[in-house]
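Participant: Okay, here's what each chain looks like letter by letter:
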Amino acid sequence: MIRGSRTLPTAFGRLAQAVVRCACSPMISRGRGRQSKWISNLAIHFCPTSLALLLGVALGFGVSIASAERVTLWHAQTEREARALEAFIARYQREHVDIQVEVLQVPYGGFDARLTNAHSVGQGPHLFLDAHDRMRRYHNAQMVCPLPERETPAAVQIGGAPYAYPLTQKGLVLYARRGQALRLPIAWDSTHAYSVAAWYSAWNVPFLVRDHAAVALGWAGVRGVAATRELQQLWQSNALTHDFDANTAKNAFRERRIDAVVLGTWVAPDLLAEDVEVRPLSALQTNLMRTGEGNAAPGMLRPFITYESVFLAHPYCEHSEAQALANALAEADVWSSVLAVPASAAVLATVPQSSRTRELAAALANGIPMDSASEVSLAFDPLDRALLKIARGAATPESALREAERRFQDLLTPLPEAASWPPYAAAAFILATGLGFYLRRKRKRTSISGTATALGPPRHRWAFASPAVVLVAATVGLPLSYAFALSATSGTTDTYFVGLANFHNILTNRGHELWASGSFYRVLAITVLWTLLNVAAHVALGVLFAKLTRGLAPRTQTLAHATLLLPWAIPSYVSALAFRAMFHTQEGLINQMLALFGASPVAWFAHFNTAFFANVATNVWLGFPFMYVAASAAFAAVGKETLEAAELDGASAWRIFWSVEWPTVQRLLRPAIALGTLWTFNMFNVVFLVSGGEPDGETELLISEAYRWAFSRGAPRGYAAAYAVLIFALLLLLSRLTEANDGKQPKGAA
Amino acid sequence: MTPHQAFWKTPLTLLAVVAVVTVPVAWILLESLRGEPETLSLSAFHVAWGNGNRPIFALQFINSLWIAGSTTLLCLAVAAPAAYAMRGRQHPLYVFLLRSQMFPSILASIPLYALLDRIGLLGTRTGLILAYTGTALPFAILQLANAIESIPRDLHEAAHLDGAPESTVFRQIFLPLLRPHLVVTGLFAFMGAWNEFALAATFLSREELFTVPLRVASFASEYDLQLSPFAAASILSSAPAIALFYFASSALTTNQVEGAVKG
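Residue numbers (the working numbering), protein chains in the order written: chain A, 1 to 750; chain B, 1 to 263.
If we strip away everything but chain A, and leave its shape as in the complex, we get:
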């Protein structure tokens, strides 16, 4: 055994071993009677200390602290705004010593899921802050209560009662150099529906059109298409940018590469230098709108206004301390110091005249408060996708907007009808019984020819494994059965049984063409391609690197290992965001390197091939270390005697690799490949963070599609659960097929 330079790993190993040994020591001292009964076996072999450890952890620390009069407030504000809020709460506490306000800053990305989860078990906050346009959704899910009467804009009322108190208002304004005439192009994130809504307001095109119960996209109407054509001309004449996202625009303006940007009031702290002035969007009217001609824009450029509001959460409808705090928040000037514009005129009047917050408020004055109808949030995604397509020249305004309308209607599809459960129960019972008999027979057959195992009767083995079984059942089994149950229900607040309707809807693509963009089959094909490419690349790179580092001097080898494992040590969401930034069209490292060779910048996420490539490149980088480790271990298992014999015979290096090493390596790699395939198939971070499904949802995988159905399309949860169950069933089928295939081959000798 060679041990020389491996003291540290050895120390780790000793530690790990000591933990396991210590956890199981009582078992060791008493483990004798092999013929004793089942119960005593359980006691002996159960690994009591590890169970005690588990129980101790579970009970010892689980004491919750109850406190007297508490008001909890959740928010997802950024650092600056969170500090201002905390300062206000500290002041409020000094005046109200009898109650305790607990503020929680929920990290970005966790707010929706957190609020929904907490609400479902009655652990939600008393108050929370969010944008007012989510009000209807919260109201429909019975998560919020009406607040006491006070003067509020109509946008936050339902049936005359306020369901939110607006605190600050946000919207788009024009940032320009002070005292200079506007020069084109203007940087405007104009392929996002929220951002470009002002354009349509100038053409008097409503966002949504209602006709009795039916809702349609206003922009997809005749006037909307005409307005879009005008917008397209601005893009083509390069008066407006279409490929600048908000961050790029911000940087370009700060670095003086561009003189005017349309951005939200929320970036004011980063942009408002001395020589920068804020103007309403209508200041652009003369530059962008054709005037005096036949089809000039009739109206004004008016941005959407979003109220950052405080909500009173169900079931604290009558909680007077919470109501009082909500009122205090609405009456106080909490955020003007960080340049957030107060929502109410009375509060704005208390802001000093010299404050730049007043400039921002004036620029927002002609904005239109956003409609809080629940359909509004569903309209953005289809419209964004349509605008991007038009800007890239991939579709005409007519066809793209028609597609947007279809997608929007698709999201509004009514819930599946309730099904009666007895027939399903009967079918499930018959299936379960049949399966039970089948498994019994199969077990009988195998137990005759089954190999003798070292651990004696099977019950012993369960005893050894019991702590693991308990934990796995709770954290893996429970979610699994939950999703199965959920997939047969509507998954709404007043959930009901729908049988297989969710599966039927997915598999028939809700009545649309089966191969249409975003259909289950199409996404499945992409996912299969994704999995094949990634796993092939992982295995190739893993084996190559393992071969390369084999036989290096120990010190070099350690260094090589550490470097090659680097992608593994960095959190995958960090790497994914870094790759997204590297593939950025204007500022990304990759395009800058291409520019060194004289190539023009590539819009990586504008085409399927390049976007898919970016995803695959990211995931190959993230995932090859796993195969590298597995392959290194596999190479090490190739007997040295065999290798030496082959070398003595004068075999070439290629020959040795293919004939001696590869057969062993590929056999030992199989479990790793099987696991890697599963993980790649269900890889969520990369597609979600790198391409985000662009272009037009074409690079979406089954897993990210399921996520979007669950959390961002306002679809009932049952539909998403059915998606997850289908993924599970597919992989199960796949693995059964490959196992059956493997079974035919003779097993290699160990």
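Everything labelled a hint here was simulated from the structure, so no lab data went into it.
Each residue gets a CB set at the ideal place from its N, CA and C atoms; glycine is no exception.
Treat the hints loosely; a few may be bogus.
[To be verified] Which stretches of chain B does chain A cover? Using the computed rule of at least three CB atoms under 8 Å from a CB of chain A, they are:
hint: 1; region: 133-140
hint: 2; region: 206-214
hint: 3; region: 230-243
Starting from the known structure of chain A, fit chain B onto it as the hints suggest.
Facilitator: What follows is chain B alone, placed relative to chain A:
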């Protein structure tokens, strides 16, 4: 151990490969050092660390260490006997665990949340440790079971013919053989817990209890990504993991089982 070197021209190829692999890391490092205007500066690290009087990052760092460390130890203590008990890939538990990896876990947070609430562990570090242990277990058991299967069958039989009780066989024969695999498995459990975001964001409700990934994510919001502090926080968060990998890297690829058997 040197005969293959000539053919693969190892050092040069390796250097090129290493360069490509490290580009994204180098880029993150550069971003974190970017000051305003274009200078090298450590200001992003100051922002990431938390300004002045609130040592919040340090606290969250300790939280992460405690949570990931406990997860690792608990996971090993539970997984090793289970893997020993299964002894092979035909065991129903093995099959179930492998199947469980096929399920997309994005919907798992909902029932787990309700479960932790029921046993009063919601919003505690302990609750998170249990959840992480549970999610790390399937892979840990699979890995250790594979390792055990690679131990020659003669060894099992020889031990049992000697009449040694089950527990002695496990402790004195299998544990030493499993040592490098325990390191690797532990490393996996640690990394999983160290980098996990979604469950932590959903379960924890006080900033003092937050873990490092939540801090890193706080520099990315719906509207903008503060790239420099984000990169700086990423580097601070990856440092312990990188150190661990460096120390454990040779254990990752050695095969002490073979050595012991032949030894």
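Participant: If a hint holds in the structure, say so; if it doesn't, say that too.
Facilitator: For each hint, the structure was consulted:
1. Coverage of the region 133-140 of chain B by chain A holds in this model, with 6 residues showing a Cβ closer than 8 Å to a Cβ of that chain against a need of three.
2. Given as covered by chain A, the region 206-214 of chain B passes the check, having 5 residues with a CB less than 8 Å from a CB of that chain where 3 are the minimum.
3. Given as covered by chain A, the region 230-243 of chain B passes the check, having 7 residues with a CB less than 8 Å from a CB of that chain where 3 are the minimum.
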